[in-house]
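A.B. asks: With the hints as your guide, set chain B onto chain A.
Read top to bottom, the protein sequences are chains A and B.
Residue numbers 212 to 533, in this note's numbering, belong to the letters of the first sequence in order.
Residue numbers 1262 to 1650, in this note's numbering, belong to the letters of the second sequence in order.
Please note: incorrect hints may appear among the correct ones.
These stretches of chain A come out as covered by chain B in the derived footprint (C-beta under 8 Å, 3 or more residues) [said to hold, decoys possible]: (1) 270-282; (2) 291-305; (3) 333-347; (4) 440-450.
Listed next, the stretches of chain B that the computed footprint assigns to chain A, with coverage defined by at least 3 CB atoms under 8 Å from CB atoms of chain A [to be verified]: (5) 1277-1289; (6) 1391-1405; (7) 1524-1538; (8) 1600-1607; (9) 1614-1623; (10) 1632-1644.
Keep in mind the hints are simulated off the structure, nothing from the lab.
All C-beta atoms in this analysis are idealised placements derived from N, C-alpha and C, irrespective of residue type, glycine included.
This is what each chain is made of:
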Amino acid sequence: MVTTSTPLTRSMQRRQSRMLKLLDSERFLASAMLLPAVAYIVLLVGIPLVTAILFSFSDATMASPEIDGLNFDTFITVLNDPVFRRSLGNSIGFTVISQASMVVLGNVLALALMKNFPGKWFVRLLILLPWATPIAIGAIGWLWIYDSVYSPIDWIFRQVGLLGIQGDHVGLISRAPNMYWLGQYGPFSVILVQIWRMLPMSTVILMAGLSSIPQDVKDAAEVDGVGFWRTYFQVTVPLIRPIILVAFLFGVIFTFTDMTIIHVLTRGGSDNSTQVLASYAYYKGIDGGNLSQGAAIAVFMLPVLLGLAMILLRIARRSEVR
Amino acid sequence: MVGVNVSVDHVNLADIPGSAAAEIAAGEGHDLIEYLSPPSHLAPAVMDLTDVNEEADRRFGTRVELTRRSTYNPTTNKYFGYCHSWVPDPANYRRSMWASVGYENGPATWADLLEGGTRIRNEQGIQMGLGMSNELDSNLAVRAVLWAFGGTEQDENENITINSPETIAALEYMKNLYDSCMTPEVFSWTAASNNQLLVAGQASYILNSISAYRTAAEIDYNIADDIGFGSPLLGPTGIGVVSEHVIPIYIIPNHARNPDAAKEFLLHLTANSDSLVFNSKLYNFPTYFDLVPELTRDGGWLDLDPFGGRPVDKLAVLRNAPEWSTVIGHPGPANPAIGEVFNTFILPQMFAAVARGEMTPDQAAADAEAKMIPIFERWKAEGLMGGGA
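The shape of chain A in the complex, shown without the other chains:
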């Protein structure tokens, strides 16, 4: 049987061949696959970011979010605000301390979890739990743990004689029966929760880095009789430095921009000792209705995060080249 192609089928064949050619084109495929990510970034990151920057140069309020004109007045007001300056210092301080601690503790945990021991899977599960828990729920749990009167930590401290028991016993740390974690040691308490929250992610990333070190490198170090510390600092750390930086970068971004922990635990503290840029921006901009000042405070996070990300990515890239 002879088949004849009509003009219609020829046109369909041509279209099909064009489509196949297009699907074989790397340039087209790359663009098509990147499009959802680009759209996501533009719609959910780019537009809100530009809007926040515009708000910060305006005098918009929550009730009048129109941008009539742009000026620096809001930034001048914000810079003269002592609570803002304290929030900026706290944001940087909390982030540096918690992430430095996290890198150290994450390394320790990752090294420990790389070893074989009974119940390893269970320990790994426990360590990962804080990361799987929604942050608000975790923070509420910590609010109870830090309770002024019924803190379980205080109870343990009283049992071992570190805290006083009303009326008859003076503790080693204090006469009082409670530590008043959030009332007296707000910054310490908040940093501890930040470490608790970020440690699992850091540990998992570092474990991935450790498992990628070739066994022959480790064997070579062992054959040469190199001790643990020297192996760790001269072999392991240089090889996983890019991974450490990735963990650090993620940790910094999550910690620097977080307001949930502060909002649940202290709302900034009665002396603003735990106030951070994210929480202060919210209280000023949304609760206080001063949208432009809230936006200006939030915008101060941008250069810090941008600069930090660029520095860390550059270091990571340099490490990779070596």
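C.D. replies: Chain B in isolation, oriented as in the chain A frame:
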């Protein structure tokens, strides 16, 4: 109006400002939004409710004055909201503790509080709880102290008055009170602290609504029986006044699609105030007392608590609550500047700085004033408040 279906979305109190901001920015959303404090900063984005307020006055009689001052902006001459009820903020104390130090009916003055509270702390090891933290109850408690000593945040004409000898006297008093009767827990006070500590017998005195008492009654009537109520403590000036505890205020955003139905809903809700007050277990008080005669009449709900109070007239002290309750921003209106000062916790922080010994009273008052000046200037520039007269 018949045939109107009302659907209600319950939104967490803390999420209401954010949700309202998003709806206002989008120009779409609910026809009615209920706040628990005066949202005066939203005036440009909400409808003028003068008509529904005037209609309510015409239908229901004389309103409690603080409900007007919480919803009316004298500068724009408009009502930005509608208040159907409010919640008093009486003193709550543990009767047995205060009786043991000679105050059978609880303290009557701030001097009594210091004297009796110190003895309770020394003899029974129980502290008192007046929060100085970034939260609602602390905001109310420190204002009660401030007002009792003659201090104010602003005057009637909305000028800042915080840096005054009266404020400094209030700060000195609070420093003494903290050193004698309190622990650092007051710096991490939360909205639940009042209830938790009073019920647990870990606080001798708090300022709160009657919710702590109702909570106790659900757990153990022996505890509830031991809770007494008092009117605001008198300061050296003879003033004893407290802010409302919370004040439900409805706004109708400009984007509302059914404003007429929304206004009718508010009037209908108010007309049923007796049901509202009763079902809140007397937590909410009406804007129009004439609508709930059972509440205050001799032998009524306050004299014979229908929810099992022992003694039955335990809540009778609330009969005069409209006389000793006022609005945040007292003696001025609850304007947007006061709202921002309230929501950024400037006053609790001022008291906390002195109590902690981080600032002298003079420094703390000057510091609070410095923080308030740009806020007041900002909202005056918006045309939403007066000042200067």
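A.B. asks: It remains to establish, for every hint, whether it holds in the given structure.
C.D. replies: Status of the hints after comparison with the structure:
Only when three residues or more bring their CB closer than 8 Å to a CB of chain B does the claim for the region 270-282 of chain A stand; here the count is 6, and the claim holds. Counting residues of the region 291-305 of chain A whose beta carbon lies closer than 8 Å to any beta carbon of chain B gives 4, which reaches the threshold of three, so the coverage claim holds. Counting residues of the region 333-347 of chain A whose CB falls under 8 Å from any CB of chain B gives 0; the rule of at least 3 is not met. Counting residues of the region 440-450 of chain A whose beta carbon lies closer than 8 Å to any beta carbon of chain B gives 0, which falls below the threshold of three, so the coverage claim is violated.
Residue count for the region 1277-1289 of chain B with a Cβ under 8 Å from a Cβ of chain A: 6. That meets the three needed, and the coverage hint holds. Coverage of the region 1391-1405 of chain B by chain A holds [criterion: at least 3 residues with CB-CB distance below 8 Å; count 5]. Check result for the region 1524-1538 of chain B against chain A: violated, 0 residues qualifying (beta carbon to beta carbon below 8 Å, three or more required). By the rule of at least three residues with a Cβ nearer than 8 Å to a Cβ of chain A, the coverage given for the region 1600-1607 of chain B holds, with 5 such residues.
Taking a C-beta to C-beta cut-off of 8 Å, the region 1614-1623 of chain B contributes 3 residues in contact with chain A, enough for the three needed, and the coverage statement holds. Closer than 8 Å: that is the beta-carbon criterion, and the region 1632-1644 of chain B has 6 residues meeting it against chain A, so the requirement of 3 holds.
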